[in-house]
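Protein chains in written order, with the working numbering: chain A, 599 to 1003; chain B, 645 to 1059.
A few of these clues could be false.
Just some of the chain B residues that point at chain A, by a computed CB distance under 10 Å [what the hints assert, rightly or not]:
hint	residue
1	Pro684
2	Gly820
3	Gly1020
Just so you know, these hints were derived from the structure itself, not from any lab. Note that the Cβ used here is the ideal one computed from N, Cα and C, for glycine as well.
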Amino acid sequence: MTGNALTGLRVADFTWSVAGPLTVKFLADHGAEVIHVESATRPELLRVLPPYRNRQPGLNRSAYNACLNNNKYGLSLDMNHPRAKEVLQKLIHWADVVAENFSPGVMAKWGLSYEDLVKIKPEIIMFSTSQMGQTGPRARIGAYGTQLVSLAGFTHLTGWPDRDPTGPYGPYTDTTIPHVGVAAIMAALIRQRRTGKGTHIDISQFETALNFISPILLEYAMNHRVTTRRGNRSSRGAPHGVYRCQGEDRWCAIAIFSDEEWKKLCRVMGRPELAAVPRFASFQQRQENENEIDRLISAWTADQPAEKLMNMLQQVGIAAGVAQTGKDLLEHDPQLAHRRFFRELEHKEIGKHHYETPPFRLSKTPCELTRPGPCLGEHNEYVCKKILGFPDKEYDDLMAEGVLR
Amino acid sequence: MLQNGWMMPYRVLDLCDEKGFFCGRILGDLGCDVIRVTKPGDDPTRKAGSFNHKTSDQQERLFWLAYNANKRSITLDFESTAGKEIFKRLAQKADVVIESFSPGYMASLGLGHEEISNTNPSLVMTSITPFGQSGPYRDFKASDLTLWCLGGMAYVSGDPDRAPVQVSSPQSYLHGGAAAAAATLIALYHRELNGEGQWIDVSIQEAVAHTLMNVVQFWDVCGIILKRSGVFRTGLSTAANQRLIWRCKDGYVNFPIYATTGGAQSNAKLVRWMEQEGIRDESLSAIRWEEFDLSSASQEQFNRVEDSIARFFEKHTMDELYQGAIERGIMLYPVYGAKEIQEDPQLMARGFWSNVVHPEFGEITFFPGSPFVFSGERQNIHRPSLIGEHNEEVYSAELGISDDELRSLRQAGVI
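All chains, full assembly: derive it from the sequences and hints.
Okay, here's the thing in structure tokens:
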């Protein structure tokens, strides 16, 4: 171990909701010093959304909000107070990176546009990510990732061909941002170290999400074919599906990509004679008769535990995977447990609960999860006095006047 | 070298298959000199310059095309003795190696992180695998679908009365690739400060698990297993399902009833629009949206509200609703397919699409652009290289291999 990868990096984090906070969390997980600035007057969306510990609401009780902000210091400001500028000025002086994901124009309203920041610190790196990007006729549309999923094609691509489209779970497009965002911030920092130049990073969530469906965009661009949802079918393998197993709502995916794997599957199913059936012999034939094959497989999987089935198939070299629930991930997955994907931290109001680590391990500078997500304004005093250097008296004044709350 | 907006001072050797294509693509977008290294045997036609593919599957071809832009290409049989030596020489001059082979494969060739870093201690090696380099699932077979399932996303996606579903354009490897790019750049930043390289172990399963939002937390602190809920959404209200996807005249739109100040305004504006068009619903008009508590509203309340809204949407097209929503500030988006996305004015205005001319695929006028815009400038797209297109440039000019040696390597099938 040689310390953390990002020790010494300072981030003023104005982000909220999901995409922004998760981007900055990955930096904080690797040792960056992060001050998460929140509005004291308008608590952020995720603070007022469940899951709350024991289902009791409270600004400091949302476990998801906490999980996106571990290792960060919490500072709560009345952003519209005339004296908020005094704190913000010092914060910008202190920071290497300013991160935000408001609608374009919001930061400018507080005197924190890129142009404003450059006046305070010319080499600053500003990371902005918004639904539509900083420019263009629709830059200021005020919707969330929950809807962008539809604009960016994912709803259309997810579900069953004989039913209405459903889309993947939640504001999925938000989840395309964090890694791309970290890559952009790191690249900007490296360039700044070498050239002295700062930059304004403009990441559109719409455009980034589209980078996750490039093949179907090329299919239309090149062949004028619109790809649509097809359940769990694949153009490369058959059978290819998620099959019902024993128990309530238990499922296991099986993906067969060669004739050899098909024969193995037939043997594991105890139906070696199926391997000799001519209409199942090739990929193309299996694809044509996939409904029939799916029924045969389902009849076999229905009375087997999903985990047992997966292990049995994996033993003969077939790609299989349980459709895991949140509970499975946290409590039953031996691989995630081996890698210590979840770490328990004790939060003042939520108590002990679990935080995700980044999906990668750096051999010499691994992530370290040290502090739970902050309560609103939890580190106001520490941040102002120890990090920004306000004298005690000035801090007391800021508190008394309600600049900090 | 390919000229990009930013010239990052790094050379990346990209040995990845489809599991890691996106990692090199992102590094290439950011201006790194990414060189794809493929084994000559991987090309069934064994013809330099040909498009490299084992199958003729269209989706696979397009996946390759999309995520191999902004890379140079060389061929090398790094399993052969001579090939290994050349690889070591390449790695000596490289900053990063990214690979997605099964755990242990690179080490079995004598090209693992330990061996390479003996001669180049500042090298960053990034290994992308389905489950990571160690652990009980390390040797499990995987595919996009099985990782989507084991990462937890399938279970919460789709209709409740049917099987969990995928996105019908593979996602898992892209999350893994993006995570790998982020990790690689974190390691490179660290290296700028103290010169040390390291080995990065990426788990695609974990990358998928990071798309789960609040699913694990719902179990962890509430004991609730979130399930898939079809056109409704779950995970916000604990009391009811709310419709998210609605039919309209020519397709579907996405509109949630939101809480908070912004949501209240959006809801109220929709109700006013409906009233203007003669859809009057006393109970709907009577709702004070700023007081409407999303987290405790009952199913009955939601159903009542939704009936009127559904009638209104069915009278209009996607375009009418999207346009009307933009004008009024309503949080509504249409359910777009590839065609509508290509025609979207916001993407056009921002210069998202690239024009790419490829010797085999011809001109592609709507090649999806880079997501990176720095101080107003978007990073370029260079067409995917032909297999081995840069052999001479890299081996002769940059590695200094003599023409004679190159000829004999070619004859031996190493290059």
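We went through each hint and held it up to the structure:
no. : hint    : verdict
1   : Pro684  : violated, 23 Å
2   : Gly820  : holds, 7 Å
3   : Gly1020 : holds, 7 Å
Of the numbered hints listed earlier, the single one contradicted by the structure is hint 1.
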